[in-house]
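Asker: So you can see what is in the structure, the chains are spelled out below.
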Amino acid sequence: MVKKSDRRKSQPFLFLGLFLIAWWGLPASWKVFTKSAFSEFHAPLWDLSSRTEDLSNYWGHLSDSKETLIEKAKDYSRLKSDLELQGDRSIAIENEVVRLRRLKASLEKLESSLNLGSSQQFDPIVARVSHRSLSGWWQKITIRKGSSHGMKPGFGVISNKGVVGRIKSVGLLSSEIELITNPSFRMVAHFAGDDRPVTFQGSGIALGGRSVGLALDVPHDLTPTPEKPQTLISSDLSSIFPRGIPLGVVKDLGEGDEGLFKSGNVSLGLSLNQLMEVTVLVPRQ
Amino acid sequence: MPKQNKTAFVLLGVNLLTLSLLGSINSTIGQHGFFLYLPALFFLPGALYLDNARGIPLAFLTGLLLDQQIETIFGFHAFGLSLLHLLGSNWVRGVNYRKDFVTLVLQFPANLLFFVLWILWIKIFQDEVMDWAWGRWFIDLLASSIALIPLAIWMPRFVESLLDLIHLSPEGRKELS
Numbered sequence: 212m213v214k215k216s217d218r219r220k221s222q223p224f225l226f227l228g229l230f231l232i233a234w235w236g237l238p239a240s241w242k243v244f245t246k247s248a249f250s251e252f253h254a255p256l257w258d259l260s261s262r263t264e265d266l267s268n269y270w271g272h273l274s275d276s277k278e279t280l281i282e283k284a285k286d287y288s289r290l291k292s293d294l295e296l297q298g299d300r301s302i303a304i305e306n307e308v309v310r311l312r313r314l315k316a317s318l319e320k321l322e323s324s325l326n327l328g329s330s331q332q333f334d335p336i337v338a339r340v341s342h343r344s345l346s347g348w349w350q351k352i353t354i355r356k357g358s359s360h361g362m363k364p365g366f367g368v369i370s371n372k373g374v375v376g377r378i379k380s381v382g383l384l385s386s387e388i389e390l391i392t393n394p395s396f397r398m399v400a401h402f403a404g405d406d407r408p409v410t411f412q413g414s415g416i417a418l419g420g421r422s423v424g425l426a427l428d429v430p431h432d433l434t435p436t437p438e439k440p441q442t443l444i445s446s447d448l449s450s451i452f453p454r455g456i457p458l459g460v461v462k463d464l465g466e467g468d469e470g471l472f473k474s475g476n477v478s479l480g481l482s483l484n485q486l487m488e489v490t491v492l493v494p495r496q
Numbered sequence: 068m069p070k071q072n073k074t075a076f077v078l079l080g081v082n083l084l085t086l087s088l089l090g091s092i093n094s095t096i097g098q099h100g101f102f103l104y105l106p107a108l109f110f111l112p113g114a115l116y117l118d119n120a121r122g123i124p125l126a127f128l129t130g131l132l133l134d135q136q137i138e139t140i141f142g143f144h145a146f147g148l149s150l151l152h153l154l155g156s157n158w159v160r161g162v163n164y165r166k167d168f169v170t171l172v173l174q175f176p177a178n179l180l181f182f183v184l185w186i187l188w189i190k191i192f193q194d195e196v197m198d199w200a201w202g203r204w205f206i207d208l209l210a211s212s213i214a215l216i217p218l219a220i221w222m223p224r225f226v227e228s229l230l231d232l233i234h235l236s237p238e239g240r241k242e243l244s
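Line by line, the protein sequences are chains A and B.
Residue numbering for the first sequence follows the numbering used here, beginning at 212 and increasing consecutively.
Residue numbering for the second sequence follows the numbering used here, beginning at 68 and increasing consecutively.
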């Protein structure tokens with residue numbers, strides 16, 4: 212016979228088990244709502260820590276030593292002389308801008324006369340990174356802009372190094388971005404100089420912090436080698452990125468699972484650790 | 068009883084602070100290809116100072132915060148920490164937890180259990196959307212276990228000092244015994 216004290220001790224375990232079953236049965240929408248509420252709760256903390264880091268950098272520079280200040284003054288004078296040189300070049304560049312604008316106008320005229328419709332265009336919004344979560348199983352970053360800045364789930368995100376990922380969830384003042392290293396991240400891509408679409412899939416962050424991905428469904432005639440690697444670029448077929456944004460470099464391809472296509476690893480040029488700012492691509496209506 | 072409620076809020080604050088600090092550290096060290104995964108840190112203070120009526124909600128809430136932060140299945144750590152609270156509160160009150168090795172002996176296997184359960188969960192149920200390569204898993208386990216040694220000793224001491232400071236510690240423990 213079970214002792215009364217034993218029964219009393221096992222009661223909390225029983226309640227926890229029942230609660231687990233009840234939790235299992237809760238609608239997914241409720242869980243998503245609760246999770247986003249927790250995300251909203253966390254966001255100001257990351258925002259605060261990111262702003263504190265910015266401020267400490269600023270103060271750090273304010274208390275620079277005399278030697279550092281002299282070095283910076285030298286850099287400044289170099290930059291100043293470079294600026295003067297650039298100023299001289301600006302006239303030539305202005306002429307080039309006029310020429311390119313004329314070309315663009317004639318291209319738009321041709322597109323409309325052929326009834327092609329111009330390719331998807333985007334408005335860039337620059338956002339500061341407030342937090343990175345780069346675990347082995349999931350990689351995401353949080354930025355300081357949210358729905359109040361026009362962010363929406365699904366928007367593409369890039370940096371000066373290439374494609375970063377896409378917005379997964381949006382809070383009022385912050386958004387979470389799923390990075391391209393996640394295995395759930397798939398997109399259409401092209402090899403530079405080739406129009407045929409291939410599939411890109413994230414493959415995590417390897418030991419030492421190297422970001423990797425996979426190139427799948429690659430035609431057999433494409434043969435990159437370590438001596439002659441090929442660059443994988445984004446495709447406008449994906450509708451969230453314009454064509455030509457670099458994804459990474461492929462050095463070798465092997466036979467795919469079914470033998471119809473080839474597949475291989477993609478070394479991403481992206482330094483996730485150094486991402487301080489990203490650009491969100493907002494599609495024009 | 069009101070002291071137990073206050074203690075629960077203080078512990079929630081400590082857990083939140085530790086979670087945020089860990090998140091910030093991981094945000095910086097993630098570049099080197101390892102991640103500090105330390106869920107076992109968060110059940111011991113609750114098991115030491117709170118009864119089940121307050122300890123389980125605290126563990127559950129902390130677990131949900133952790134689930135949101137490190138993108139695990141929503142509820143995984145919440146139930147894991149609640150279960151560890153129940154098991155821990157039965158063990159820990161009978162031993163001299165003030166000895167540092169006791170806290171380590173409790174938290175080390177608990178952390179290892181989370182590591183094993185989470186990778187099994189990913190490999191069995193989340194194969195299409197998540198991946199945790201075995202090499203990365205081993206490095207993360209090694210780095211987290213090394214980081215756990217000082218943190219597992221620090222956290223109960225920090226909580227004890229904090230509760231002492233706001234005159235919640237001795238009475239809180241007496242209420243339970």
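To be clear, the hints were calculated from the coordinates, so they are not data collected in a lab.
Where a beta carbon is used, it is the ideal one built from N, C-alpha and C, also for glycine.
Mixed in with the good hints, there may be bad ones.
Simulated DEER-style distance windows between Cβ atoms [as the list claims (entries may be wrong)]:
1. B:220 <-> A:440: 43 to 53 Å
2. B:201 <-> A:403: 25 to 35 Å
3. B:184 <-> A:364: 27 to 37 Å
4. B:201 <-> A:440: 23 to 33 Å
5. B:221 <-> A:220: 29 to 39 Å
6. A:440 <-> B:221: 43 to 53 Å
7. B:171 <-> A:494: 48 to 58 Å
8. B:192 <-> A:425: 41 to 51 Å
9. A:339 <-> B:171: 33 to 43 Å
10. A:255 <-> B:220: 22 to 32 Å
Asker: All hints are to be evaluated individually against the structure, with a verdict given for each.
Answerer: Now for the hints, and whether the structure bears them out:
A beta carbon spacing of about 49 Å between residue 220 (chain B) and residue 440 (chain A) agrees with the range 43 to 53 Å that was offered as a hint. About 34 Å separates the C-beta atoms of residue 201 (chain B) and residue 403 (chain A), a value consistent with the hinted range of 25 to 35 Å. In this structure the hint that residue 184 (chain B) and residue 364 (chain A) lie 27 to 37 Å apart at CB holds, the actual value being about 30 Å. For the hinted restraint 23 to 33 Å between residue 201 (chain B) and residue 440 (chain A), the CB-CB distance of approximately 28 Å keeps it satisfied.
At roughly 31 Å, the beta carbons of residue 221 (chain B) and residue 220 (chain A) sit within the given window of 29 to 39 Å. The supplied range of 43 to 53 Å is met by residue 440 (chain A) and residue 221 (chain B), whose beta-carbon atoms lie about 47 Å from each other. The hinted range of 48 to 58 Å is satisfied by residue 171 (chain B) and residue 494 (chain A), whose Cβ atoms lie roughly 53 Å apart. Separation of residue 192 (chain B) from residue 425 (chain A) is about 22 Å and departs from the stated range, judged on CB atoms against 41 to 51 Å.
A C-beta distance of roughly 39 Å is found between residue 339 (chain A) and residue 171 (chain B), which places it inside the suggested range of 33 to 43 Å. Distance hint check: the CB atoms of residue 255 (chain A) and residue 220 (chain B) are about 31 Å apart, consistent with the given range 22 to 32 Å.
Hint compliance for this structure: hint 8 alone is broken.
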